[in-house]
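Generate the whole structure from the sequences, applying the supplied hints.
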Amino acid sequence: MCSEEVLGEEQEIVEEVDLAKDFKESGVGEILDELDTSLTGLEPVKTRIRETAALLIVDKARRKLGLVNEPLTLHMSFSGNPGTGKTTLALKMADLLHKLGFVRKGHLVSVTRDDLVGQYIGHTAPKTKEVLKKAMGGVLFIDEAYYLYRPENERDYGQEAIEILLQVMENNRDDLVVILAGYKDKMAKFFESNPGFRSRIAHHIEFPDYTSDELLEIAQKTLKEQHYKLTPQAIVALSDYIRLRRDQAHFANARSIRNALDRARLRHANRIFNESIGLLNADQLSTIDDVDILSSRVFKGGIDNF
Amino acid sequence: MRVTQGAFSFLPDLTDQQIHTQVQYCIDNDWAVSLEYTDDPHPRNTYWEMWGHPMFDNPDAAAVVYELNECRKIHGGKYIRIMAFDSTAGWESVRLSFIANRPKTEKGFRLSREEIRGRSVRYSITPYSTDLPEGERY
Ligand SMILES: Nc1ncnc2c1ncn2[C@@H]1O[C@H](COP(=O)(O)OP(=O)(O)O)[C@@H](O)[C@H]1O
Ligand SMILES: [Mg+2]
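In the order they appear, the protein sequences are chains A and B. Counting with the working numbering, you get residues 381 to 686 for the letters of the first sequence. Counting with the working numbering, you get residues 8 to 145 for the letters of the second sequence.
The set of hints was computed from the structure by calculation and includes no laboratory data.
Taking lysine-lysine pairs in the DSSO-like style, the calculated list, with each CA pair at most 30 Å apart, reads:
| id | chain 1 | residue 1 | chain 2 | residue 2 |
| --- | --- | --- | --- | --- |
| 1 | A | Lys485 | B | Lys80 |
| 2 | B | Lys111 | A | Lys509 |
| 3 | A | Lys426 | A | Lys485 |
| 4 | A | Lys507 | B | Lys80 |
| 5 | A | Lys426 | A | Lys564 |
| 6 | A | Lys472 | A | Lys444 |
| 7 | A | Lys440 | A | Lys479 |
| 8 | A | Lys444 | A | Lys479 |
| 9 | A | Lys401 | A | Lys479 |
| 10 | A | Lys485 | A | Lys404 |
| 11 | A | Lys507 | A | Lys564 |
| 12 | B | Lys80 | A | Lys509 |
Next up, the structure:
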């Protein structure tokens, strides 16, 4: 246990590097490819991830040549509307950072204000520190980060959490990467009033809303994974649904579509349960028809709240 | 006089990087790691003060090194040790313990001899530091 190897971990400086080989051995290529196939749309995000991956690989190579010693600032902000894939991407990002050796463990700890901020004096600091310690070696994802800052209440404990976060983001850059996420406008305002965060975050990534076509593609992909399929009429009904739903309140992009599909499956199950008199085959049990979608409230002028 | 208790105490002081590596070994074995400090380094003093709770659910040793440095901010002039407790049935005891911080100058121990029956001598040691009351020792 106390062998030379375990006690010292100094990195050796080399004379030459092979970027292509480093890239291949890191397994990052597979993550990027998987990102491309598993996530529909999000082109600007995918481009940014590729660029970031290139930066990381080059930085690692420069380190090997002894050109850099300072830890790279990797804290990020993901801004975009709900259901645009921020949480999903944070998981991939943790994996990517781990494969490249920028975090030691690669797990994701996802929190909101309530996990960081306490209820009474002296409660916040230990709470925030516990979360930070749990995230060390991985990525800390703070959803709706702007709720930490409540300027209208000068005694708000959020400020204490912010100060500890900033300190650790600065002093423990080797130990964890922090990703702040939330709506674009609110994030912009948050950074405006918290210059400390703005200056510690190097990568701002924006998540655009999905187009209706992309949402339809996401729906079909999701159903395929669950071994369901849509009849041609059902596809038409679903595109109509998406067109109506996206202008309604509480629309949450891919999440709303996933929820709509869950409800369609429920109606499908009830329909075949009520209709069936004889034996059913696999095809009948996995084919969603237009009636399963058209009976949604959205088509009767109502709202799907999720 | 250099106090030699626990593991690694005949080696030069471990760097934070080396402490990290040792602690990671403990965490990877599912041992609960905790920090304790004292200003009474008598070898029979088993009651060191706890610094926070034992840590069960931090996957990375950086969390322990972070707490060690928090502890040093307040108790940097004292002895701080890291303990790793194995709760597996049959073990249920400390598997590794080592000093991670010590005072700049270690005051050492007074050896006293007490003559008892016949020509026998009873020896005992007392840390010089405990001549002073708690809180004024280092
Ligand atoms: N491009 C995509 N392709 C497939 N599914 C997606 C895509 N983007 C988001 N989803 C799905 O939508 C849901 C919400 O995504 P999430 O990452 O939680 O969004 P956010 O964190 O931005 O609110 C998840 O179930 C996720 O799997
Ligand atoms: Mg989310």
